[in-house]
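Peer 1: Sequence:
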Amino acid sequence: MQFYASQASEHVGGRSVVVPSGRCIGGGSSVNFMLYNRPAASDFDAWEKDYGNVGWSAKDLIPMLQKGQIGKEFIELGPKFEKDRPKTDEANALNVESINAFHAMPKWISSDGRRSDVAHHYIYQKHIANLSVFDGCLVNRVVIENGVAVGVEYLFDKRIYESSPQDTRIVKARKLVIVSGGAMGSPLILERSGIGRKDVLQRAGIPVVVEIPGVGENYQDHALIITPSLMDPAVESLNPLFRGDPETWAKALEQWEEDGSGLLGNNGFDGGYPESRGHVHIESSDPYAAPNFLAGFLSSPIDVAALRWAYKKGRELTRRLPSFRGAFDMGHPQFSHDSPAALKDTAPVSLEAANIVYTAEDDLAIDTYMRQNVETAWHSLGTCAMKPFDQGGVVDSQLNVYGVKNLKVADVSIPPSNVNSNTYSTAIAIGEKAAAIIAHELGGCL
0 MQFYASQASE HVGGRSVVVP SGRCIGGGSS VNFMLYNRPA ASDFDAWEKD YGNVGWSAKD
60 LIPMLQKGQI GKEFIELGPK FEKDRPKTDE ANALNVESIN AFHAMPKWIS SDGRRSDVAH
120 HYIYQKHIAN LSVFDGCLVN RVVIENGVAV GVEYLFDKRI YESSPQDTRI VKARKLVIVS
180 GGAMGSPLIL ERSGIGRKDV LQRAGIPVVV EIPGVGENYQ DHALIITPSL MDPAVESLNP
240 LFRGDPETWA KALEQWEEDG SGLLGNNGFD GGYPESRGHV HIESSDPYAA PNFLAGFLSS
300 PIDVAALRWA YKKGRELTRR LPSFRGAFDM GHPQFSHDSP AALKDTAPVS LEAANIVYTA
360 EDDLAIDTYM RQNVETAWHS LGTCAMKPFD QGGVVDSQLN VYGVKNLKVA DVSIPPSNVN
420 SNTYSTAIAI GEKAAAIIAH ELGGCL
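0 is the number of the first residue of the sequence shown in numbering that gives the first Met the number 0; add one for each residue after it.
Since the hints were made in silico from the structure, they are not lab data.
Honestly, I wouldn't trust all of these hints.
[Stated by the list, open to error] DSS-like mimics (lysine-lysine), calculated; alpha carbons at most 25 Å apart, straight line:
{"id": "1", "residue 1": "K171", "residue 2": "K404"}
{"id": "2", "residue 1": "K125", "residue 2": "K197"}
{"id": "3", "residue 1": "K48", "residue 2": "K197"}
{"id": "4", "residue 1": "K48", "residue 2": "K58"}
{"id": "5", "residue 1": "K174", "residue 2": "K404"}
{"id": "6", "residue 1": "K125", "residue 2": "K66"}
{"id": "7", "residue 1": "K157", "residue 2": "K171"}
{"id": "8", "residue 1": "K311", "residue 2": "K343"}
{"id": "9", "residue 1": "K312", "residue 2": "K343"}
[As the list claims (entries may be wrong)] Between beta-carbon pairs, the in silico distance windows are:
{"id": "10", "residue 1": "V53", "residue 2": "D285", "range": "50 to 58 Å"}
{"id": "11", "residue 1": "L252", "residue 2": "V348", "range": "27 to 35 Å"}
{"id": "12", "residue 1": "E257", "residue 2": "G402", "range": "53 to 61 Å"}
{"id": "13", "residue 1": "V30", "residue 2": "I127", "range": "19 to 27 Å"}
{"id": "14", "residue 1": "K66", "residue 2": "E360", "range": "48 to 56 Å"}
{"id": "15", "residue 1": "L252", "residue 2": "V30", "range": "19 to 27 Å"}
Virtual Cβ for every residue (Gly too), placed ideally from N, Cα, C.
Start from the sequences and build out the full structure, keeping to the hints where you can.
Peer 2: As structure tokens, then:
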């Protein structure tokens, strides 16, 4: 793992938000929860319709995703709590703009029931004779000669090999260089190669090879907020699951596989389309130097309003649960004592109870709490966006970096807009699509 500390920002209460990123073979797919679910078809369709990326619609990308899916274990979850809403065995199979049906979240992509990452699925089991993987290395820059990418300069990572020499080495490319450093790494590699905003490169002492203002911009993530409540001690809680208790996990999995209920049948509010944007840029030519990183959380008032609404709605739902025994005060906004929002319920209210009334002062308390507690959902993307150049784009629909021949970017830095799901599947779709593009250009096939 590598941890990136964002600049302190007034939008998050003056804090520095820390965003982790996978630093291993398999990248982000090898860390986090390894959860795999697809975005809505409309997310991919927007890449083509809104940004002119022909060949990147849902009808093009869903077949790419299906190539990587070998799992057979999709548990059916019936509409037990809202009988008017339909069910589907696998929402991933729906090529629709919205789902509006109950379904189970797929837990793995491996056929033997194990959670899997792309390294084990695509690399380790294949034994590819003409593939060499150099682990523990740090890419410094792409070597560009006369506007053509001709190689990659790298060194052994001293954070892994402490006594390794720090002289750089170059791997020559006969046909293409493909940068796949992720949303945090790819823009930094491009900038150290002289590709990016002129002021950023000059400040870092890097000669400008190609000026592309969009490099490192358009950073996006999903915001995460947790607001806990107390519950009846006689009722099972999620606490043992979070602690990793084996007995609780075994029981919960058995219940889930039986009828889709139990501790694993829980979810939160999903807000997959933040308006806020950040950036990630180099500060120097040193590949070990921390970047100039701004996560940008809640810099747009639209995102603040959405979280405020979600908090209020979630509170109304929670206080109507039979197991509710009051809010856990440390995990909630601090309302003034005389405010109607400062309820001290210690038991559930009726389903017909009136909603809590909030004042402008209460709204400010909610906003303040959100700013002081928002964190990353580990879904960084967008920093080498696949957009038209004049809209802040870095690559075209064939993943070519503007202004450089034989150089592509293929990872979650290229989405021009966000997706309403974990980004694991999006990374796989981009990888499969990139492979198809490259094979076609080089005269091969997949």
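Peer 1: Would you mind marking each hint as holding or not holding in the structure?
Peer 2: Checked hints:
1. With a C-alpha separation of about 15 Å, the suggested pair K171 and K404 falls inside the 25 Å cut-off, and the hint holds.
2. Note on K125 and K197: the hinted pairing is violated, with a Cα-Cα distance of about 42 Å set against a maximum of 25 Å.
3. Restraint check for K48 and K197: not satisfied, since their Cα atoms lie roughly 30 Å apart, outside the 25 Å limit.
4. As the CA atoms of K48 and K58 are separated by approximately 13 Å, the hinted pair is consistent with the 25 Å bound.
5. For the suggested pair K174 and K404, the alpha carbons sit about 10 Å apart, so the restraint of at most 25 Å is met.
6. Simply put, K125 and K66 have alpha-carbon atoms about 15 Å apart, close enough for the 25 Å limit, and the pair holds.
7. At roughly 23 Å between alpha-carbon atoms, K157 and K171 fall within 25 Å of each other, so this suggested pair holds.
8. Under the criterion of a C-alpha separation no larger than 25 Å, the hint pairing K311 with K343 is consistent with the structure, at around 15 Å.
9. With a C-alpha separation of about 17 Å, the suggested pair K312 and K343 falls inside the 25 Å cut-off, and the hint holds.
10. Taking the beta carbon of each, V53 and D285 are about 39 Å apart, not inside 50 to 58 Å as hinted.
11. Evaluation of the 27 to 35 Å hint for L252 and V348 yields a pass: the beta carbon distance comes to about 33 Å.
12. A hinted range of 53 to 61 Å for the beta carbons of E257 and G402 is consistent with their spacing of about 57 Å.
13. For the pair V30 and I127, the beta carbons lie near 24 Å from each other, so the given range of 19 to 27 Å is met.
14. A beta carbon spacing of about 54 Å between K66 and E360 agrees with the range 48 to 56 Å that was offered as a hint.
15. Between L252 and V30 the Cβ separation comes to about 22 Å, which falls inside the hinted range of 19 to 27 Å.
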